[in-house]
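One letter stands for each residue in the lines below.
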Amino acid sequence: MPVEIPLRKIPHYWNVYLLAATPLLLIVLFNYYPIYNGIVHIFYRWDGDQLEEFIGFGNIVRLLHDRTLLHSFGVVLLFVAANLIKMIPAIFAAVILHHLLNRQWQYLYRICFILPMIVPSVVKILLWKYFYEPNSGLFNAVLRGLGAIGPEESVAFLSDPKLLLPSLIFQDFPWVGAFGVLIYLAGLQNISREIYESARLDGAGPWRIFYHIELPLITTQIRINFALMIISTIRGWENVYLFVGEGGGPESVAAVPGLLIFREAFSRGYFGYGCAIGFVIFIVTLLATALNNKFVRVKR
Amino acid sequence: MKEFLKHLTLCTILLLVLLPFYLMVVISLKDNAQFAADPYLPTLPFHFENYLYGWEQVRGSILNTVFVAVTSTVGSLALALGGAFFFARYRVFGGRILFGAFMLLLLYPGVANMVPTFKLIGALGLYNSHWSLILLSIAGSQAFLIYVLKEFIAELPEELFDAADVDGCPVWRQVWVIALPLSAPILGTLGVLHIIGDWNNFVSPLLMLRDPDKQLIGVQLLYLDGEYCKNWGGLMAGYTIASLPLIILFFFCMKLFVRSLSEGAVKG
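Protein chains in written order, with the numbering used here: chain R, 1 to 300; chain Z, 1 to 268.
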């Protein structure tokens, strides 16, 4: 049982409070104060410097008419759908890994899967950027080698508005994020031997075991990953920034909400409007979390 | 035979996963002429001087990143351990509300806070200072760390702390002498995750730092990539060097990494 500290004895326990007070001070200063300040400045025209003028609902009216913003949430929706499909290879990799008979090999493979996760994400993205490069990039060289395009031609994966989104989605092929693989593997290893043995006695083949036993028993992990994936897709903009810069590519086709905040505030000086977009992202995250809790509830 | 098929599938997947890194290392040993002729296979002579060039480009930013990542990881864990100890061991007036105040932050996306945080850092005079990144990293990780550590400390045998109380051991010493060693495994796990997170952090340095020689590794690599006339070999050597510190750390505490990265599941 935790120690109860009655109200009148609190002064005596000041040093205990100090333990919680330091982190509390930090989050109030660096998290709560900016949240408050951001919400206040939704109602201001603010250039981040001298100009700070109350404009009421001006920014909100602008939000409602902003087609780029609407488009950016469309892009998020597309990315969520794509990331859902991109979750599948990790499940298969984990199942195969789980069925390896030799433990040593399994450990070795696990380490190989972790290695790419340790490489900084900026390096990974810049390497893929090089793959898509029109002149010396890997994909153009392969296409030339196959004769799909002439030796002097090139495909501009990142500057063709039709190809940019598919290229961003294809990135990181074959999509076996180590994190997913390890999580599923840990889930699979929790399945007891008896279940497998009785299934085999009943004559179930590997596919039926996968479909009727393994898949249902790792749904918890799949759901957790699904929830994390949605939230991080709504928040994420670094990938797009690294690939095509703050413009979000030709015609801003890949501009996601986070990128719009960066562009509006730090390039164009609309800090108030940046705060407003931030608040919209917060609301959308809340809605997604609520929907998640309602429809894909994690069973304990 | 069936084992063979499994190995074949896994090796194919791994080949594809590791292909970018293979090319990174191969190209890092080429000069531009060799790169233009054949970027895919190693060609002699190897140009190890690319690594000198790459090291010149990333040296400063790597040292900056190590400083920021280590300081903020140690600071985050120390503060969160104290906070978690408080919430796990004491029931006080308003304690639940305080705890709620931490947990609420797990819902608030950092990206939504980007603009006002930038202004706050400016107002505090921390713009263009590494301390802005350290403080932001510490504050930003408290909610998650306290959540995990509180669960862990609550499971420790409380007789230890009761006895320490009877002997008149001050609270901070209880944290330092009893809670810290007992939570070493989980602190290791969380520390690894925190260092990886800091190493990958890209947005805060982009916003909060102005001087190129103060910049951290992520943004520095982006600058290098943006140069018009590329020395591909040197660039890839820079990428390789930037990846090495974490990989070295990984080989030194492989068990810790494997556990850190698999553990999320067991908790779920």
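Hints are supplied without guarantee of correctness; some may be wrong.
What the hints assert, rightly or not - Dumping the calculated DSSO-like pairs for lysine-lysine here, alpha-carbon to alpha-carbon at most 27 Å: (1) Z:K255 <-> R:K129; (2) Z:K255 <-> Z:K150; (3) R:K129 <-> Z:K150; (4) R:K129 <-> R:K162; (5) Z:K230 <-> Z:K214; (6) Z:K150 <-> R:K9.
Unchecked claim - Computed from the model, here is a short list of chain Z residues facing chain R with C-beta under 8 Å: (7) F4; (8) V25; (9) R59; (10) Y90; (11) V92; (12) L98; (13) K119; (14) L120; (15) A164; (16) P170; (17) R173; (18) S243; (19) L246.
Treat the hints as calculated values from the structure; they're not laboratory data. Beta carbons are placed, not taken as given, at the ideal position from N, Cα and C, and that holds for glycine.
Each hint tested on the structure:
Of the pairs offered as hints, the one joining K255 (chain Z) and K129 (chain R) is violated, with about 33 Å between alpha carbons and a cut-off of 27 Å exceeded. In summary, the hint linking K255 (chain Z) to K150 (chain Z) is supported, as the alpha carbons are separated by about 24 Å, within the 27 Å threshold. The hinted pair formed by K129 (chain R) and K150 (chain Z) fails the criterion: a straight-line CA distance of about 42 Å is larger than 27 Å. Straight-line distance between C-alpha atoms of K129 (chain R) and K162 (chain R) comes to about 17 Å, which keeps the hinted pair within the 27 Å bound.
Note on K230 (chain Z) and K214 (chain Z): the hinted pairing holds, with a Cα-Cα distance of about 23 Å set against a maximum of 27 Å. The suggested pairing of K150 (chain Z) with K9 (chain R) holds, with an alpha-carbon distance near 23 Å, which does not exceed 27 Å. Look at F4 (chain Z): its Cβ only gets to about 11 Å from chain R, farther than 8 Å, so that hint breaks. About 11 Å separates the beta-carbon of V25 (chain Z) from the nearest beta-carbon of chain R, more than 8 Å, and the hint is not met.
Because the beta carbon of R59 (chain Z) sits about 16 Å from the nearest beta carbon in chain R, more than 8 Å, this interface hint is broken. A least Cβ separation of about 5 Å between Y90 (chain Z) and chain R falls short of the 8 Å threshold, and the interface hint therefore holds. This hint holds: V92 (chain Z) has a C-beta 4 Å from the nearest C-beta of chain R, less than the 8 Å allowed. Restraint check, L98 (chain Z) versus chain R: the minimum CB separation of about 6 Å is within 8 Å; hint holds.
Taken as an interface hint, K119 (chain Z) checks out: its beta carbon lies about 6 Å from the nearest beta carbon of chain R, inside 8 Å. Against a cut-off of 8 Å between C-beta atoms, the interface hint on L120 (chain Z) holds, since the closest Cβ of chain R lies about 5 Å away. Given hint, A164 (chain Z) at the interface with chain R, is violated; its Cβ is 12 Å from that chain's nearest Cβ, farther than 8 Å. For P170 (chain Z), the interface hint holds, the least distance from its beta-carbon to any beta-carbon of chain R being 7 Å, beneath 8 Å.
Violation of the interface hint for R173 (chain Z) is found here, the shortest Cβ-Cβ separation to chain R being roughly 10 Å, above the 8 Å cut-off. With 8 Å as the threshold, the beta carbon of S243 (chain Z) comes within range of chain R, its nearest partner Cβ sitting at about 5 Å, so the hint holds. With its C-beta approaching chain R no nearer than about 5 Å, L246 (chain Z) sits inside the 8 Å limit, and its interface hint holds.
The structure fails to meet hints 1, 3, 7, 8, 9, 15 and 17 from the earlier list, while all remaining hints are met.
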